[in-house]
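Novice: In terms of the UniProt record's numbering, the sequence shown opens at residue 1 and continues consecutively.
Treat the hints with caution; some may be incorrect.
Unchecked claim - Restricting the straight-line Cα-Cα distance to at most 20 Å, the calculated cross-link-like pairs of lysine to any residue (SDA-like) are:
hint, residue 1, residue 2
1, K112, R184
2, K178, H209
3, K112, H193
4, K93, S8
5, K112, K93
6, K217, K93
7, K178, K217
8, K198, T25
9, K160, R184
10, K40, L73
11, K112, E216
12, K40, A167
13, K160, I141
14, K160, H209
15, K198, I149
16, K160, E216
17, K40, Q169
18, K40, S68
19, K112, M189
20, K112, L73
21, K112, K198
Worth flagging that the hints you see were computed from the coordinates, not collected in a lab.
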Amino acid sequence: MIPTPNLSHLTAKDFERVYEPAEDTFLLLDALENDAEDLKSSRPLICLEIGSGSGCVSAFIGTILGPSSALYLCTDINTHACQCTVATGRQNKVCLESVGTYLDRSLHTRLKHRVDLLIFNPPYVPTDSVEAESAQSSPAIASAWAGGINGMELTNTFLKLAPELLAPQGRFYLVAVKENNIPRILAAMLNEHDLAGKVVLQRRAGREHLHILRFEKQGSQVQT
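Turn these sequences into a full structure, and let the hints guide you.
Specialist: See the structure below:
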C-alpha cells in the first residue's frame, strides 16, 4: 500500500481556508494506486492537477512515480491553497510547482497536447448558480465545493478544455457524484471530444455516491 501523503505541516487554521482531504480525495488516491503500475510504465513527463487544494493528490502521484523527470504542475484559484500545495510537496519530498489561476487559464496555451496525467477533483456539490459564481469570484474554501446547477457548472467549463490539454497517450481522472449525471458526462466526452471514459472506482460516503472517471483518447485505453 502506498502511504497517504504527510499533511502534518498543515494546521486547523489552514483547513479553514483550504479543502481538507476527505472521502472524495481518498477515493481518488485509491484509483490512482490501482493504476500505479500503468502510470509508472507510461513515464509521464507533465502531470497537471487542477484545484490542488492541500497538494495531497499531486504529492501522492509523486510518490507513485518515484524519482523521475516528471514535472508536477498544480493550479488553484485560492492563493493559500497554492502555498499549502508547495509546502505539502516539500514535506513529502516531491517538487510541486503551484500556479494561482482559474482552472488552467494561464497555462493552457503552453500545455496544449502535452499533459500526460491530468487530474481534477472539482466543486461538484449542487448549489444555485449565484452561490457557485460568488465562490469562484471570491476564492475561499467555498470555491472547493460549490458546483452550481447539478454541481456541474465549473466541471462543464473544464471538460471543454481538457481534451486540448491531453497528450496523445494522456489520461484524465475526474471526481464526480451521482447527481452530476455520470452517463451524460461519459457520453458527451466520447461524442464531442473522442475521449473514451469509464468509472474506475465508486463508493458511498454518507449521502454522496462518489465516482472516479478515467478518460483516454480513443485507441489508447488500458483494460484495467
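Novice: Now tell me if each hint is right for this structure.
Specialist: Evaluation of the provided hints:
Of the pairs offered as hints, the one joining K112 and R184 is violated, with about 25 Å between alpha carbons and a cut-off of 20 Å exceeded. As the CA atoms of K178 and H209 are separated by approximately 6 Å, the hinted pair is consistent with the 20 Å bound. Only pairs whose Cα atoms come within 20 Å are accepted, and K112 paired with H193 is accepted, the gap being roughly 15 Å. For a cut-off of 20 Å, the pair hint linking K93 to S8 stands: about 14 Å separates their Cα positions.
The hinted pair formed by K112 and K93 fails the criterion: a straight-line CA distance of about 28 Å is larger than 20 Å. Taken as a hint, the K217 and K93 pair is broken in the structure, with Cα atoms around 32 Å apart against an allowance of 20 Å. Under the criterion of a C-alpha separation no larger than 20 Å, the hint pairing K178 with K217 is inconsistent with the structure, at around 24 Å. Our distance criterion of 20 Å between C-alpha atoms is met by K198 and T25, whose separation comes to about 18 Å.
Annotation: proposed proximity of K160 to R184 holds, straight-line Cα distance about 14 Å (limit 20 Å). As the CA atoms of K40 and L73 are separated by approximately 17 Å, the hinted pair is consistent with the 20 Å bound. For the proposed pair K112 and E216, the alpha carbon gap of about 15 Å is at most 20 Å, so the pair holds. Only pairs whose Cα atoms come within 20 Å are accepted, and K40 paired with A167 is accepted, the gap being roughly 16 Å.
Restraint check for K160 and I141: the C-alpha separation of about 24 Å exceeds 20 Å, so the hint is violated. With a C-alpha separation of about 24 Å, the suggested pair K160 and H209 falls outside the 20 Å cut-off, and the hint is violated. For the hint pairing K198 with I149, the CA-to-CA distance comes to about 23 Å; that exceeds 20 Å, so the pair is violated. Taken as a hint, the K160 and E216 pair is honoured in the structure, with Cα atoms around 14 Å apart against an allowance of 20 Å.
At roughly 13 Å between alpha-carbon atoms, K40 and Q169 fall within 20 Å of each other, so this suggested pair holds. The suggested pairing of K40 with S68 holds, with an alpha-carbon distance near 9 Å, which does not exceed 20 Å. With a C-alpha separation of about 17 Å, the suggested pair K112 and M189 falls inside the 20 Å cut-off, and the hint holds. A distance of roughly 14 Å separates the Cα atoms of K112 and L73; the hinted pair therefore holds under the 20 Å criterion.
Among the hinted pairs, K112 with K198 is inconsistent with the structure: their alpha-carbon atoms are about 23 Å apart, more than 20 Å.
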